Each structure stands twice: as C-alpha cells, then as structure tokens.
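Respectively, the protein sequence lines represent chains L and G. So the first sequence is numbered by my numbering: it starts at 1 and just counts up by one. So the second sequence is numbered by my numbering: it starts at 1 and just counts up by one.
Keep in mind the hints are simulated off the structure, nothing from the lab. As the structure is a prediction and not an experimental result, all values here were calculated from the model. Treat the hints loosely; a few may be bogus.
Unchecked claim - In the BS3-like style, the derived pairs of lysine-lysine whose C-alpha atoms are separated by at most 27 Å in a straight line are:
{"#": "1", "chain 1": "G", "residue 1": "Lys240", "chain 2": "L", "residue 2": "Lys51"}
{"#": "2", "chain 1": "G", "residue 1": "Lys374", "chain 2": "G", "residue 2": "Lys388"}
{"#": "3", "chain 1": "G", "residue 1": "Lys321", "chain 2": "L", "residue 2": "Lys339"}
{"#": "4", "chain 1": "L", "residue 1": "Lys339", "chain 2": "G", "residue 2": "Lys339"}
{"#": "5", "chain 1": "G", "residue 1": "Lys388", "chain 2": "L", "residue 2": "Lys113"}
{"#": "6", "chain 1": "L", "residue 1": "Lys338", "chain 2": "G", "residue 2": "Lys339"}
{"#": "7", "chain 1": "G", "residue 1": "Lys113", "chain 2": "L", "residue 2": "Lys388"}
{"#": "8", "chain 1": "G", "residue 1": "Lys87", "chain 2": "G", "residue 2": "Lys168"}
{"#": "9", "chain 1": "G", "residue 1": "Lys338", "chain 2": "L", "residue 2": "Lys338"}
{"#": "10", "chain 1": "G", "residue 1": "Lys87", "chain 2": "L", "residue 2": "Lys321"}
Number of protein chains: 2
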Amino acid sequence: MNAEIISVGTELLLGQIVNVDAAIIARELSALGINLLYTSVVGDNPDRLEKAIGMATQRSDLLIMTGGLGPTDDDLTKETAARVAGKKLVLHEESLDRIVTYFNRQNVSENQKKQAMLPEGATVFTNNNGTAPGCAFQTANGATIIMLPGPPSELEPMMTESVVPYLKSGEQAIIVSHSVHIFGIGEAMTAQLTSDLMEGANPTVAPYANEGECFLRVTAKAATKAEADALCAPIIEEIKKRIGDSIYSVDVNSLEETVVNLLRESGKRIATAESCTGGLLAKRITDISGSSEVFEMGAVTYANRIKELLLGVPHDVLAEKGAVSEEVARAMAEGIVKKAGADLGVGITGIAGPGGGTEEKPVGLVYIALSDGKNTWVTKRSPIGRTKSREWHRHCAASQALDMVRRYLTDLPIEAQ
Amino acid sequence: MNAEIISVGTELLLGQIVNVDAAIIARELSALGINLLYTSVVGDNPDRLEKAIGMATQRSDLLIMTGGLGPTDDDLTKETAARVAGKKLVLHEESLDRIVTYFNRQNVSENQKKQAMLPEGATVFTNNNGTAPGCAFQTANGATIIMLPGPPSELEPMMTESVVPYLKSGEQAIIVSHSVHIFGIGEAMTAQLTSDLMEGANPTVAPYANEGECFLRVTAKAATKAEADALCAPIIEEIKKRIGDSIYSVDVNSLEETVVNLLRESGKRIATAESCTGGLLAKRITDISGSSEVFEMGAVTYANRIKELLLGVPHDVLAEKGAVSEEVARAMAEGIVKKAGADLGVGITGIAGPGGGTEEKPVGLVYIALSDGKNTWVTKRSPIGRTKSREWHRHCAASQALDMVRRYLTDLPIEAQ
Chain L
1 MNAEIISVGT ELLLGQIVNV DAAIIARELS ALGINLLYTS VVGDNPDRLE
51 KAIGMATQRS DLLIMTGGLG PTDDDLTKET AARVAGKKLV LHEESLDRIV
101 TYFNRQNVSE NQKKQAMLPE GATVFTNNNG TAPGCAFQTA NGATIIMLPG
151 PPSELEPMMT ESVVPYLKSG EQAIIVSHSV HIFGIGEAMT AQLTSDLMEG
201 ANPTVAPYAN EGECFLRVTA KAATKAEADA LCAPIIEEIK KRIGDSIYSV
251 DVNSLEETVV NLLRESGKRI ATAESCTGGL LAKRITDISG SSEVFEMGAV
301 TYANRIKELL LGVPHDVLAE KGAVSEEVAR AMAEGIVKKA GADLGVGITG
351 IAGPGGGTEE KPVGLVYIAL SDGKNTWVTK RSPIGRTKSR EWHRHCAASQ
401 ALDMVRRYLT DLPIEAQ
Chain G
1 MNAEIISVGT ELLLGQIVNV DAAIIARELS ALGINLLYTS VVGDNPDRLE
51 KAIGMATQRS DLLIMTGGLG PTDDDLTKET AARVAGKKLV LHEESLDRIV
101 TYFNRQNVSE NQKKQAMLPE GATVFTNNNG TAPGCAFQTA NGATIIMLPG
151 PPSELEPMMT ESVVPYLKSG EQAIIVSHSV HIFGIGEAMT AQLTSDLMEG
201 ANPTVAPYAN EGECFLRVTA KAATKAEADA LCAPIIEEIK KRIGDSIYSV
251 DVNSLEETVV NLLRESGKRI ATAESCTGGL LAKRITDISG SSEVFEMGAV
301 TYANRIKELL LGVPHDVLAE KGAVSEEVAR AMAEGIVKKA GADLGVGITG
351 IAGPGGGTEE KPVGLVYIAL SDGKNTWVTK RSPIGRTKSR EWHRHCAASQ
401 ALDMVRRYLT DLPIEAQ
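Bound conformation, chain L alone (with noise of 0.2 Å):
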C-alpha cells in the first residue's frame, strides 16, 4: 500500500511550527510496513489544496490529511476532501454531543458546529483531547482518506488509538517493530558492523541516528504478532552479539528511563551534582514519572564557592586543579553521594560553551565521575571532529552519565568508553 500525506495550515508554510505530524504519522505508517511516498505542506488556499488532494489520491492508495479541522473560515480540510471525493458532509450527532460537553453549554456556535460536520459514511474517530473529530472515507477511485487533527497532542493519540488500529484491521498480516538502542558508539560503525543484517527482507533492520545516540530497527510480517516476534528474536540476538554491552536497551526508548528502571529494580538511589550541565542530568531522570523513588537530589554547582560548600571539594583541589578536572569532578561525585545519603552520586565538570574554551581545556572538554561512596569511576570526554553546540555538549554528557549509571548497575567496566 503506497500512503502520503498533506498537511494543511499557512502557519506551517510560515516557519512558525515544525511539522511534527508528519514525522508521528510516518513512523507509524513504518511500523505498519505501509510505504510512505511523499509528504507535503499545504496553505489554507482552497485551489491549491483542491489540487494537491486530487493529484494525491490518484497517485497514492492512501492520503492522511493534517489541520484544517477547526472551527474558523481557514479551516478547508474536509470541505475542500469531500468536494474531491464527491461527498456530501452531514451533521454527527455524537461528536457535536461531544463538543457541547467539551465546552460544558448547551449551545455551541455554529462555527463550533462545524467541526461536527463529517463525509457522509465516514468511520469517525473520536477526539479525547479536543473537539474536532478524526474521520476515514473512500473516494469514488477507491483510495482512502484520512483526516486528522493538526495539534499533536490531539493527533499523536489518535493515530494510536484510532488510526493504526483502523488500517491494521485492513491487512492481512501483522506488522512488529522492536527497536534496539545504542550509546557509545555511532551510527557509521552501527551499521559497518550490521551491514548484512541490513539486507534482510523479513525481518527489515534500519539504522537511525538520535541526538548523540543511536538505534536499529527490527521490523517483521507475519500472520500472528508471536510469529512476528520469533522473525525478530535470531536478528536482535545477533545485533547484541556484535555491538556488544554499547546496547543500553531494546524496545525501552532512553537511557534515562533505562536507568529509573534499573536503580528501582535494584533499590538503588541516586543523587546528582552538575556544573557544565546546569540541571539537565536531574531534569532528564525527572522526567521519568515516578522517578522520585529512586531520586535523592540533585545539586547545581555552577560557582566554586558552592562547589566548596556543598559538596565539600577542596578549595586546594579547585584552585590547583581548576573546577573542569577529573579531580573536581571525582570530588563532586562523592561530595554528592556523602551529602544526599545516597547509594549512587554522580559529578559533571565541563565546558560546554560557546565560550569560555581554552587552549588546554578546550569545548567540549567534560569530566564525569560516578561514585558509590566506596569507588569512584571518572570518564572523560574530548571535543573531536566538528564544532558542536552547548545543547549538544550538555545532552552528551548527561547522557555519559547515564551510561555510566547503567554500566554500574549492569555490572559492566564503567570506563571503557
């Protein structure tokens, strides 16, 4: 089956929004093992759009249409699909009930009425996160359309409850991706080791690069989801085999939430002190609901003076040494840990930029140590290759960090990085 999809809306074609949509839907179409052909961007022109949808469903077996959907004169989505298709749009009763409870009234505008209007005979997919409801119909040509809320957070649940489940219940077979997850080294030498793996048909292996990281892929066709699995299981076993304990995870999609599960399977607490990283390795173990059970504090040492205060590092130690050295950054750790009565502190020292680089200790120039109060472990991490941002300098560290946490707990080296 060959899909694409139009997004609709002026404020994408103004820059003012990154088309998120887009990449939600085509990640699930992936998953689906339907081929995605084109996406585009559309603006709320009633000739162009009328254009695009006619050119699209002749030329694709499936159109998912974004945005459009609201309640002002703009919004020409369905309108402007149903007068290509040759439908009519009628009054659904049940998601105008549904409108008139969102707003808590008992009566709606018209203009909020028209939200309700939908292409006669259309499967409806109810909205749990706003009021413009999802619709699928047929055109006269036997292509299908798909329409969609344009705010993410009302379309990425959609797709998931309504959507993949809609075109799932048209396939024959059924379609299983597991994903395994990489730290430590890239998505080049990822795929020089895998290279054959990558050939295969059925089950399917792609590589993806993701903010310093990287993951493979593994998708397999079968007729039961069990037997999908068993396609899968031999390559997964193969991959781990050849990439090794850089493998953080399958199918659990961050080092962070790899790390809560860890420290929770394991009893483990954990504390944080963080300079060049201001925040971030605590924000992201915090963003894992429910990581308050494995979390004792996290500090932000951003001054020497504090550093000194309240992790305790030796004045001597920074002044000597500098605040960005193994030192520090070792003394940090188990400043934290001491501090919090923690099982586990980690340090970060660095310099993450745009200025503030030396000669010596250049950008990019981070350490990070992890101490359990009895051993401390440091990694270090050189600026290579190309200029990187802050945000990119920052992220990896927290990252590293992570690792070393999982490493720890996984009973791995901790330092062969």
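Following the hints, put chain G in place on chain L, whose structure we already have.
The following block gives chain G in isolation, referenced to the frame of chain L:
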C-alpha cells in the same frame, strides 16, 4: 515571489526525523516576504524526485531543496536537479580543498569528492559546519533552485549566513521583523486585544503560540532598515499599551534569556530549589551562555528529607501542609537564598503527573515562591481545562518562576498572574 521546498530523504518518510529544515527555511522566507506555497518530502527515488522537481520549477519562482547532497549513492539531489535544469555537474575546486582539509588527509575518496561536484555556473554557499557545500542556480525557464545540506546544524547557519543575503540581493526592499513576547495571557486573548492591528498590510502583525507563551510578529517592508523600523515602532508601542506588563520582551526570544539579561544588568545572583520541575528551571537558566555570572546554585530536592536537610524546610510544615503547599514553596525559596548566599531564591513544588494527583491536590497544582531574603512572594498554578502532559506542567511552572523573577527585577507586581 512564490517559493516551495522539497526535502529529500527516505529517513523523513520513515518518521525518524522531524522536518526541522522546512521550518527553518519557511521562517526565513516569511521574514523576507517571500510566499511559500508548498513544502514536500520525497524519498531517495530518482523518478519521483525528478517529477517533483519538474513540477516545482514549473509552478514556483524559487525551489529550495534540502538533503541528499552527501557522499553516498543514495544522495541524488544534485544529479537529479541538474538533469531537470539541463546543467552538467562540474568539480568545484575550492569545495574539494575544503573537504580535503576537513578530513585532514591528502586524498579523499571518490565518494567524498562527489560532494564538490556542483551544477555549472552555480553560486556556491560554503559549508562551515560540514562537508557538502550548498548552491544556487537557474533553470532554463528562469526558476531558481537552491540546494542545501540536510543536517539542521549545517543548514541553519548556511541559511542565515549565505542564502538570506543571496535572496536579499535580488530584492529591492528590506524586510524587518520584530517579535513581541508575552507570558501570562494566551494567544486567543492576545489576538482579541490586537485584532484590528492584524488587518494592517505594512507592517503586518501575526500571533503565534509557543509552549504556554505567545508572541506577536510585526513585519515591515521598506527601502531601508531604518524606514522599516520606523514603520514597526508605533505598532509595537500600541501593542505594549494594550497588552501591558505581560509583555516580557521585544526581540529577546525566551523568558530565560530575558531573566539572565536582567540579572546581569542588576548585578544580582539567583539560586533555585526545585521539586516537581526536577532541575528544568536550572537547566533553562544555564541554557544561556554566560549564565554562570548570575546563577549561584540550584538544588533539586525531590525527597522531603533533602528539603529539610539542605533547605531547612521545617519538618512540621512538611508533615502538616504536605510537600505541595504554599508554605513549603515559601520555605524552599527562603532556604535556598540563605544557603546559597544569593540575592534571589526560587522554590517550586507541585504535582507534575501523570501519577500522584488527588482531588484536593490535582495533577498540575504547583506553588512557586520567590524570595529576596527579606520578602517572599508565592504564586499558585491550578490545572484548568483539558489534561496536559507532565512536560507541559513542568515547562509552564518553570516559565512562571522566570516571569516572577522578571517582574521582581523590573518593579512590577509579582503576584498579579
């Protein structure tokens, strides 16, 4: 001038990457007053790509292409665009030299060399952040094709440093934009208060929503920058009159940058004590390069024990009022300002969700306190309307804390939220 964008790359169609490039380009074109009519994504498929380029250069004056300029065989953009335009690819010696220098080797592979092959007669845009240069050239029917590298870290600087000046050199008028940033009143209310201003043609005024904030962009076209600024000035004044002190900046893009600037100007230093935001406030402040001058320390005090130990929050208050209470927020702010010896201290405690809410203390309830050591102010965020994410609650709570600091430093009432 009408423009469109074609982004090339199967990875976009697999949804592994969000099309950030299109948004970056769209924003710049909008600021230049160039109408962007379509954006689309095509995979690494020569036939479909050729058709898409053919259609685009027929119907638009300017086609900007992103991606597919790299060294691999999948990278088809230049070959295909040159074929459609009837141009040969020729070696650009200077780009080859840059690539050789970049790899720090005497010889580069044939594949790497491919990146220096550009359509004959093209204007070349140097890539200061990678290897593949960008370029601009004309088709036989007079359309302009611009090709840019796919990674946003390469595309964004090339866009501002080379493409915008290139496009401006062809324009008679100068376009100037200013953005008026607002926190505390929503996009709908902002639009309502300024609806008549949005009907103007020069300058134009347009509202944008952005993660719990909004801003108005004022754009004018004139022969010189001074004239364009003079057109904008009275409109910006009028907006200030209507929106009042909810405007936190003109042309400073974030609350954190505004606050770091204000702290610097006033010579004051800040410290933060965070519970539910888990380091996000510290992270946002330290996102700003040079924030070390004004950021004294941050504490992420998740556990009650740590709130007592580090911040001196009284045990009785925690037991009686609960960790999420006005009293605890107050004690956290007062505790951190004392502990850090800073001029200002912020305390945040709340329920970010999705778990942990009760009827009395629902998800989204957050208390935020600001102390200057003498006085302390506390504001409260209550969840309203539909369910928001953990991320949303954390972001907005941190924003509100920043806005309180801004209000303090500019002598505005702090609790008037």
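How the hints compare with the structure:
no. : hint                 : result
1   : Lys240/G to Lys51/L  : violated, 42 Å
2   : Lys374/G to Lys388/G : violated, 35 Å
3   : Lys321/G to Lys339/L : holds, 26 Å
4   : Lys339/L to Lys339/G : holds, 14 Å
5   : Lys388/G to Lys113/L : holds, 24 Å
6   : Lys338/L to Lys339/G : holds, 18 Å
7   : Lys113/G to Lys388/L : holds, 24 Å
8   : Lys87/G to Lys168/G  : holds, 25 Å
9   : Lys338/G to Lys338/L : holds, 21 Å
10  : Lys87/G to Lys321/L  : violated, 59 Å
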